[in-house]
Amino acid sequence: MNTNQSGRARGPGGGRALFVRGILLTAGAALLTGCQSNQFITLGDMASAYNREIFWMSVWAIAFSIIIFVGVSYALFATVRRFREENNSAEPAQFHGNNRLEVVLVAVPVLIVIVLSVLTVRSMARLNPTPENATVVSALSRQFWWNFSYPSATAAAGGVVTNGNEMVMPTRNPVAVTITSGDVMHAFWAPNLGGQRNATPGTEKTWQIDTDRPGVYQGNCSLLCGASHANMRFKVIALEPERYNTFLRVAAEYRAPTPAPGSAEERGYQLFMQGKPSTGALACAACHRVQGTPANGAAGPDLSFFGTRRTLGAGMWEGAEAERMLIPWLANSPGVKPGSLMPPYNGATYKVNGQVQKGGVLTEQELSDIAAYLRSLRLPEEADYWRDSPVIGSAGDAAPRGGTQ
Amino acid sequence: MTVQHAPQTTTTSARRGAWEVIKDYMMTTDHKKIGLLYIFVSLLAFAIGGLMAVGIRLQLALPDQTLLVGNTYNEVLTGHAAIMIFFFLIPIGLFGFGNYFLPLQLGVRDVALPRLNNFAVWLFIFSLILILTGLWNGGLPGVGWTFYYPLSVDGNQTGVSVFMVALILNGLGSLLGSANFAATIVNLRAPGMSLWKMPIFVWSIFATSILQLVSLSGLTAASLATYLELKLGLSMFNPGIGGTPILFTQFFWFYSHPAVYVMLLPYLGIAAEVASTMARKPLFGYRVMVYSLLGIVLVSLLVWVHHIFAVGLPEGWQIAFAIATLIVAVPTGVKIFNLIGTLWGGRIIMKTPTYWLVGFIFNFLIGGITGVSLGMIPFDYQVTNSYYIVAHFHNVMMFGTAFLAMGGLYYWWPKMTGRFLSERLGMWHFWLFMVGSWMTFLPQYILGLLGMPRRYYTYPAGNFAWTELNFISTMGALILLAGGIVMVINFYQGLRGPKTASNNPWGGYTLEWTASSPPAAYNFAHEFPRTFPTERPLYDWEKSGQTLTPVDPKSIHLPQDTIWPFMTALSLLFMGYGLSFGWFTNYTPAGGLRAFSEAGLSFQIATVILYLSIPFFFYSLFKWAGTREYAVPVEHHHLTKYDNGFMGMAWFIISEVGLFGVLIAGYVYLRLIGAAEPPALRPNIWLAALNTLILVTSSFVIHKAEQDHHKGRYTWFRLGLLITLILGAVFMVFQVYEFVLFGVESDWKQNLWQACFFIIVGLHGLHILIGGTGIALPYYQALTGKMDKYNHGSLTAASLYWHLVDVVWLLIVAIFYAW
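Taken in order, these protein sequences are the chains called A and B.
FYI, the numbering for the first sequence is 828 to 1232, going by the working numbering.
FYI, the numbering for the second sequence is 4 to 822, going by the working numbering.
If you are wondering where the hints come from, they were derived from the structure by calculation, not from laboratory data.
Be aware that one or more of the hints could be misleading.
[Stated by the list, open to error] Here are the computed lysine-lysine pairs in the DSBU-like style, where the Cα-Cα straight-line distance is at most 35 Å: (1) A:1178 / B:752; (2) B:26 / B:502; (3) A:1032 / B:234; (4) B:502 / A:1185.
[Unchecked claim] Some chain A residues close to chain B (C-beta under 10 Å, calculated; not the full set): (5) 911; (6) 1051; (7) 1176.
[Claimed, not checked] Label pairs and their calculated CB-CB ranges: (8) B:198 / A:890: 55 to 65 Å; (9) A:1174 / B:814: 36 to 46 Å; (10) A:916 / B:198: 50 to 60 Å; (11) A:890 / B:750: 57 to 67 Å; (12) B:499 / A:931: 42 to 52 Å; (13) A:941 / B:297: 14 to 24 Å.
As the structure is a prediction and not an experimental result, all values here were calculated from the model.
Just so you know, even glycine gets a beta-carbon here, dropped at the ideal spot from N, CA and C.
With these hints in hand, go ahead and build the complete structure from the sequences.
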């Protein structure tokens, strides 16, 4: 019975109009309310030679895409329009194909594929070799944080200069990042600067990123790595080469300041180094490194320049928010960041290797002492990479968003 | 019993109790009921997966939402993907429509191995149930459907082992189904129908089945290796002992890329059927379309690396795979052009199936173009793992092939139920899905270009346009939900009301339209003319005036219903449950080996279930083997000289070769790069040589036994089988001895070579057990007098499998004992 209905005649017309209106309204409302953006993350950032290369590679692909899209969809809709039974009462000719047309329809895609292959190979040849003058940075990814170290900068206090979750790089110079993972697979992605590379445990891979424009760029882990995959972010701060060199030199000479006896920082230092065995509070130093102190742990991010950093929890909080979250973070890290492997210090439980364990206990005073010590871990002013570094894509205000200090 | 009841069941089926219906589906060998089971369960899975997707979108509607946080989000995400892929898109096209329409289109009464078909469908259903049992055993896995190593063995993850076991069981069902289709196509077609006269849908199922058989081994290898690491600490990937996690991604994508085409090819077949019927025209370039199907099968096996460009493999490899990836555009383009060519010049019936078809072509065009862009490696480095990818694969899956799943339902619904779906609701369904899909996924392309990574449960406010685009996307998902509700209403209504559909409501040209709507249990009460001038027999016969010859349904014999394939599958559900949540020892990767008494109660219960399931399995299997397929002696017709069992096994063996091939390739790679070095003390070659002798001898013995059976020397035949079994048992005794010795000598968790040895040689040992069981079946059939001149039981299949096991052993001796 339904075979006699004409599906076109009823129903969808009114519904379609309604939906179109609905879409426009929602989109409009969303755009009006949500436009206070302060970060423009895009792989169309032409300040990066990498992105320029893929743009010019893609121009041809985009052109072909538009031609094919328009051509094929026109052919489709024109065919349907012309030959639907309402418009065409002629008995269909029973032909089985057209060999000449078939050959053309194979040949054209083949030609396009050849052109695109050549373009791909050419871009690969330009992008993948590591230039000799490249700045070398090592990236270590763990659940759920990053360590960026500078193999060429040996610290006077031992070890190499390393920063957690904030990567400093020079502008106008290719940066060769060598990445590996300490546990599961992760991936490094800062779209404004270049492509992704997976971090695989037991394997080191090197690729290049670059930018011409100084500023703060957003980076993210892009390969599912567990509960806080979405909270495994980082910042890349690109500095003019001279400033970058200053940063590296000063960072290499840096030793964590010795707190004044009796100060909050001093109490925090003691807790940091020794923990509080009587309440089961583990020492921070067991997992974290602080350059110029005995703290040389490797299970957590490097804290040497913690006071200079403006993000917390691997980019989970920034600026004033990071400032505000420091105590809650120290008190119960897995409570505020799912799956965080740092033990809680307010007696809460957390999960390690599937086993529920109880964290140690520190008083609020003790937590704030540790926070005070952490904030004191600051690079000298001339090496403060955040100073005057604009957030890329923000509405022009350079770094107005506070800091953890 | 069906022999007598077959004509009546269709008339009395209207008023049966629920239990009667369920029992019928448990015992059925009818490919149509099995097809309906696949379709029903797939649609149920589509609903579950769809609701999960709505949950995901609600969480992402605005920044910093708290509906699904952290690993909970990951669990929903994994569930959504796994259910949509393995329990909706793959099964509904390949096995749902495939089972229902392949025999009908070939003009035959059933698939080659109807009871195996019942086993396969229940294995499929039980693997879905098995995954869901994870819900009360610690939760679903939160590792993504890709279960990348080493996240899959991360101590904080739960539910990974059940996911692995369910994938292996689902894969087994899938392989059996695929082998069954291939055997059906080769062995059972209407007399006179050559391969080149088969309907395009049959070709698409054939191509997909071959692809499944060749490639599924990658997934099985990946899940097996992961499972063995979870339960025994055997690892091929552990970087701590020299393994490499990248090898896992190679295993995984070796299947999971072709899987994309398993989710595409059957639907391209449906698209071609719909286009030809609705345009009232022959296909444009039938042969070219078949060649492009086969071309896609071939090329799809050579592109998996494009999923892991960002891993950073050597450039030469990346470029080779990138070019292969771009080449896929050629046969895929041909399919699209030829679909439009089929519509061109027709008198197109604009009904819901046509709308789904046109919607598919348009959407797939976008998905295809964005897919080509992903083959351009430097661009891929940027957008892989981003929302661009999410948009792309939903573009080709959700509003690509799933549209054709819907189109297939609207197209064949009258044939399957005798009723029509409502056109009015159908149009609502279509437009809600269309607009909903565009709104959900097109913004995600932009999100990807704006740097939003996939699989993020949250995102901060303030990134340019992220909030707005995510919000639009969520609105789209809600529209899709509305479309889903309309769909359910339409399907529900489409099962009620009077049966008004004629045999051929759309004017189709293929043989299924000569059956009644819905078809009787025996499919056709007529025989077909023997001439097939083109792939459109009904059109040709009408032109030439040839007619169908009526057949008395009472003279038709169908396989008898039996409960034992179902029971065998049920035993595997229990075994799977036991293997997932229990184990023979109390081992965990984090905790190591501990006393069994220290394990939790649920672990101990699951282990008891595991032990109990083993006798249950063997009992059911032997009961199955002991039940004859037909209640009365039936003369079988096949197009080749091989019986259906042999033919099915011959196709199935491709997958076994693939499984060993993938694992051995992994081992050889690890060996060549110097990561897997044999320890000083390793299994003795002399014992292996003795075992080789035993196994080769057994191959000759079973061959002789087969000959004896042919010549009617049944005593010698039984003796031959018994000797083969004894030789197999002796082999196993030696191997167990060797394993125990080697396992005690050194720690397999610390040596990669040893781990590879135990995984691959152990898997071969398992195959000896399976093959031995396979030989025990005809032996049992012979002992109980079920084998004679006409009944070969499962002899030829068992014998062929045993030869395979022997050949694999020779390879193993070469690479593990001699090298």
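Outcome of the hint check:
no., hint, verdict
1, A:1178 / B:752, "holds, 25 Å"
2, B:26 / B:502, "holds, 24 Å"
3, A:1032 / B:234, "holds, 31 Å"
4, B:502 / A:1185, "violated, 66 Å"
5, 911, "holds, 5 Å"
6, 1051, "holds, 4 Å"
7, 1176, "violated, 13 Å"
8, B:198 / A:890: 55 to 65 Å, "violated, 41 Å"
9, A:1174 / B:814: 36 to 46 Å, "violated, 58 Å"
10, A:916 / B:198: 50 to 60 Å, "violated, 37 Å"
11, A:890 / B:750: 57 to 67 Å, "holds, 60 Å"
12, B:499 / A:931: 42 to 52 Å, "holds, 50 Å"
13, A:941 / B:297: 14 to 24 Å, "holds, 22 Å"
Hints 4, 7, 8, 9, 10 from the list above are not met by this structure, while the remaining hints are.
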